[in-house]
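Asker: Letter by letter, the chains look like this.
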Amino acid sequence: MTTDPLISSDRPLEEVQAALHGWFTITVGASAEVERTFYDTFDGLLYHAGLTLSIQGGVRTLTTRDGSQPESGVTAERVAGVRALLPIAKVRLATQILNVLDERDKTVCRIVLEAPVGLRERARLVALRGYERERDRINELLVEGRSFGTSDAPLVDDAVLAAGGNPAGTSSKLDVSIDSSDRADTAAASVLSRLIEIMDANLPGTLADTDTEFLHDYRVAIRRTRAVMRELHGVFPATQIDRLRGEFKWLQEVTGPTRDLDVYLLEFERLRQVAPPGMRPDLDPLLAVLRSWHATAREQMESDLASERALALRADWGRLVTLLTGPGEDGRADAARPIGEAAGERIWRLHRRMVKMGRAITADSDPEQYHELRKKGKELRYMLELFAAPLYDPDVVKPLIRALKGLQDVLGIHQDRDVQAAMLKRLGEQVAVQPGGTAALMAMGALLERIQTEAKTARSQFAASFAEFASDAQRELVDETFKRAAQ
Amino acid sequence: MAKTKRDTKVLATYNIKGGVGKTSAAVNLAYLAARDGHSTLLWDLDPQAASTYLFRVRPKVKGGGRGLLRKRSRTADHIKATDHELLDLLPADFSYRHLDLALDQFKKPAARLRKVLEPLLKDYDYIFLDCPPSISLVSESIFEAADALLVPVIPATLSSRAYEQLDELSRRGRVGKIGGTQIFSFFSMAEVLRPLHLQVMERLRGIEHLKVLGAAIPVADEVEMMGEERNPVGVFAPTSAAAVSYEALWAEIEGRLRPDSLPKPAASPPVETPAVESPVVESPVVESPVAEAPPVETPPVETPPVETPQAQTPTV
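Protein chains in written order, with the numbering used here: chain A, 1122 to 1608; chain B, 1406 to 1721.
Simulated from the structure, these hints should not be mistaken for lab results.
Using N, Cα and C, we set each Cβ at its ideal position, and we do this for glycine too.
It cannot be assumed that every hint is accurate.
Each computed EDC-like pair below joins lysine to aspartate or glutamate, with the alpha-carbon atoms no more than 20 angstroms apart [to be verified]:
| id | chain 1 | residue 1 | chain 2 | residue 2 |
| --- | --- | --- | --- | --- |
| 1 | B | LYS1465 | A | ASP1223 |
| 2 | B | LYS1422 | B | GLU1633 |
| 3 | A | LYS1477 | A | ASP1487 |
| 4 | A | LYS1526 | A | GLU1575 |
| 5 | B | LYS1467 | A | GLU1255 |
| 6 | B | LYS1465 | A | ASP1226 |
| 7 | B | LYS1527 | B | ASP1552 |
| 8 | A | LYS1211 | A | GLU1154 |
| 9 | A | LYS1546 | A | GLU1570 |
| 10 | A | LYS1370 | A | GLU1489 |
| 11 | A | LYS1519 | A | GLU1466 |
| 12 | B | LYS1527 | A | GLU1192 |
| 13 | A | LYS1496 | A | GLU1374 |
| 14 | B | LYS1465 | A | GLU1253 |
| 15 | A | LYS1546 | A | ASP1405 |
| 16 | B | LYS1422 | B | GLU1629 |
| 17 | A | LYS1477 | A | ASP1300 |
| 18 | A | LYS1499 | A | ASP1539 |
| 19 | A | LYS1519 | A | GLU1154 |
| 20 | B | LYS1467 | A | GLU1575 |
| 21 | B | LYS1465 | A | GLU1466 |
| 22 | A | LYS1370 | A | ASP1296 |
| 23 | B | LYS1465 | A | GLU1255 |
| 24 | B | LYS1476 | B | ASP1509 |
Taking beta-carbon pairs under 10 angstroms as the criterion, some of the chain B residues facing chain A (in silico) [claimed, not checked]:
| id | residue |
| --- | --- |
| 25 | TYR1458 |
| 26 | PHE1460 |
| 27 | VAL1462 |
| 28 | ARG1475 |
| 29 | ARG1477 |
| 30 | ARG1479 |
| 31 | ALA1481 |
| 32 | HIS1483 |
| 33 | ILE1484 |
| 34 | ALA1486 |
| 35 | ASP1488 |
| 36 | PRO1496 |
| 37 | LYS1527 |
| 38 | ASP1528 |
| 39 | GLU1633 |
| 40 | ARG1635 |
Take the sequences, apply the hints, and build the full model.
Answerer: And the structure:
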């Protein structure tokens, strides 16, 4: 990576001239005071894709992090996907352009001396097409000249760090290091503290509706928290845990409708394509009703999330998690048990329970039964990700997660279609009174039929994916790994 | 030419004769296209390398003309940025004088140039070819590759000669690539005070199938000074008669090439070209003498065009 040479002199123009003397001539170009704002998604998707997006004087520029042109077809929006591009840092800087000319007086490179307020000054080299070698030579000459240092990071990183941020964005990944022999309460506290961090980080974006991923990540953290509360019940003080479990259930419920409608809206165009071509435009009234429902649901959720009850939960929960690492084990049966053992047992039991539940499911089973199995599957998935992944042999854990994921995907499609079908039915009444409502109802009927067919297809795929998950070999492996650990 | 999303137009400045203002036209029109926010390439096909010289670029292409035709390396790798934003140059090379021989070695020599240009179409809105004066395989190849030929004609030439040249070309155009290459002639090095010039211009503009454009480039010191200044006239003398005439010429050409995309008087059939008396003075774009100085806020002059909205596009 070529980085901008850092300016350490207070007479950079003279230093550039001295360093390039005999090789190139310099003419002084425009100078300006400008403001540059850098953008990225909350989770730093551009950073991780090696890109930098900035806007200066209304001109938007996407470059690679080392300042070159990105590959053709790469756009910030494509990289960001459903995530919003947010301003992550703003710098005021004085710029001075120097044109570097070769022996024919042809400009081969532009050096932009950049003096950002409060940050390291830089000489940014902008190569002209076909003159990249000259740019590299100029870079060498400048750095050799000793008046310029090499930088380890681009300006955007300096600016984000100075503002107290992380150039790589805010991750909602777990990344907790625990050991099998750790006390179960300490290990649980590490995981739960990280989950609190994730919830706290995603709450403002959830409330501001910055993009749909904030709420999604917020809810995943809630569900993971609930899985730990349920599965490692014995590490918590029995007197408090049941009430708080109820509170987290409430928190998940009050955020549910908004998320369901988020998904519906995100998927709407795909869903529209499911309807017969002639009827697709007829679905517009449905979209209007969905949007108004979404607005109502969001309003309710925002008031719930800002309520006394939510604030009390956050405070109580924080206190309890801190308490886990404190002394005293009264009423905390599993507190001192090694986490490898405690988690292993729960994983083994969850797997066994799922196998039993799955075997009871037939093609005619109630959708509720599929749903219950899926919920159990989520719990197993979280336990595997939270505890098995850092503690157990990846050769066992990875294939198990893969088999589980295959099963969950099928169950997920089944569940989503079921929810969508139910929602379509509920929407009917309101859509009917909209302008164009009758045509919309007919289109919805056709849509419902397709959705139910998709649910049926998912059902027919259930047997095969469940068989893989519950195979003899898989069960033996689970027994061997997790049951043994528990004994 | 294969249609791309960009709808690139390939324009060749061409005349059998030398010294009629081909290079000046190519350089100035390409400059104007780029200044208007279009990604533009000029390929200097003339081994004399006059355009290359004007842009201060070394007249050297590694592997020479033969290498380019054989596509031994990516054509794009030989492109040099000029000092003007959005305007790139594919330089001349001394070996281009043997381009005929090199072309002759291919099965379909006339289609070869188009093949070489094809990978560049996605990167440019306009590709200008500055062609050597001749009738040869090279010119045939250029007719195949170009969407339009821009033919400068000096009205001083005996009127019958000028007529023959244009007539010959308009017929030749029809034998060009499928769909036909458009031919736009315009008067170059015109002396509007000389009765002979005026007579010739008037007569030839009256002949419909010759498609002579309304704007004419006057004989002017500024055009000659380009060699000294090594810049398009729009850069160092933006309000001169020459610069204004090139603006008018470009507006007219662009209007013909993209009649739908420009909010200006619809491109008219050639008969309706402006009156003969004052083609220069009447040019519609006098008020935009924009020099090339890059806007202050845009130091990353070479930043990717994809993400950089054309903020400073002047209205024509």
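Asker: Which earlier hints can't be squared with this structure?
Answerer: Hints 2, 17, 19, 20, 21, 22, 28, 29, 30, 39 are the ones this structure does not satisfy, whereas the remaining hints hold.
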